[in-house]
Amino acid sequence: MPYIWRNNNACVATYKVLEGDNFLNEFEDYQLPFESAGKAQLKHLRYFVKTTNNAKMIKGAAMEIAADFLMYVQKIYTVTLENPVRLFGAHPNVLLKLANVFADGDKTIADVAEAIDGELRFPDEK
Amino acid sequence: MNKVKFVTVPLSVLFMSLTAHSQDLDQKKSLEIKPSILEGKDKGGSTLGLEYQFSKNLLRYDVAPANPLQPDSFKSVTFDVAGTGTVALNSERNPKNFLDFVGSIESLYWSRNLGTFIGSLNGKFETDQSFKNKQGVFSINATFAKRNIFVKNGFFSVDVGYGRVDPRNDEARAAALQSQKLSTFNRWEAEVLYLHRTQNPTFDTIELNYRYFSERNAPLEIRQAGIAAHKLATIRLGIKKDFFVAYSRGSLPFNRKSDQIVQAGWSYKIQP
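Read top to bottom, the protein sequences are chains A and B.
Take the first sequence: its position 109, counted from the start at 1, is 144 in the numbering used here, and no numbers get skipped.
Take the second sequence: its position 232, counted from the start at 1, is 494 in the numbering used here, and no numbers get skipped.
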């Protein structure tokens, strides 16, 4: 079942971090209001490089923006890990989950929200 | 002064991209086919083209960060396959007549302070859309990527590779050497990309890309034929209201002509 873009902490944090001038500034709110932002594909955002198909460069760009995104989300909300320890004691890799989404231009802003909602527990989930 | 020879108008606003991808975030698999019109001004008329791109991750091993919420570094090793290219109904009018299919083993290291480093071993098959020209390339590459460089949210990346090329059927090379038996050669390749974020009221992004291929110790005949090195420079201006303008000059391997390409149009309609 596809993730529903709605007015919860995960979607609001995703929108604020991607849109905010003090954060990632990937689009303007008049171009993309919150209500319809979930359907927008990531390849249309400013971070997504458009003059190359070099998969390694795209992967590098995704790692870098994923790290910034994760940092900025925690400036808006205090979050904890949904599942702190995985099988055989492994740590969840939130950064990699986000990077895999940001590297795929066909993913949507709602997919970014889904990725952090699955990994992070927001105040409205406690 | 060279004349502008090609105008490419992407039709992504008119055609739906055909896309299929996995829902599993860790097992990325995607296929994209994007129709476009390729117009050769000096060759009378336009032709329909398709840009394709696919990628699939077959294997990965990660060392997850000790602090998942505030990671400082991250390492992974992966095995991926991917391919890109543009095909046209009339290959003579295809300004990007270059297809590649790649398999690679990568080691990635990310550091919050230093950026992203990727080392890779690659096997690549290159051809044009007629498959008359084709070659295999085995290379080792090093890639660096860093965000927030020069300006906030700006992005810089460089990819340098050195490889051995097996030109199985390269018509221009055979003609230059006057031989159908083509021997392998070594080649440098490099790509530099910079994405600048502006506060300009008209432009919001400026993207610069430069690709360079150079045959090492190329024979005199190859140098005289002008196919020992290939360069392609592109500048793309992202304009407010979803417009863009892009200009490319140069050529890629198998695309022997020295072309200038102008692309203009809507890159997207951001509001779905």
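Any given hint could be a false lead.
[To be verified] Footprint (simulated), chain B over chain A, 3 or more residues, beta carbon under 8 Å:
| hint | stretch |
| --- | --- |
| 1 | 43-52 |
| 2 | 82-91 |
| 3 | 94-101 |
| 4 | 128-136 |
[What the hints assert, rightly or not] Pulled from the structure, derived: some chain A residues nowhere near chain B, Cβ distances all over 10 Å:
| hint | residue |
| --- | --- |
| 5 | Ile-39 |
| 6 | Gly-140 |
| 7 | Asp-152 |
| 8 | Asp-159 |
| 9 | Glu-160 |
| 10 | Lys-161 |
Hints in this document: simulated from the structure, not taken from any laboratory.
No experiment lies behind these values; they were computed from the predicted model shown.
From the three backbone atoms N, C-alpha and C, an ideal C-beta is built for every residue, glycine too.
Hints the structure fails to honour: Those not satisfied are hints 1 and 6.
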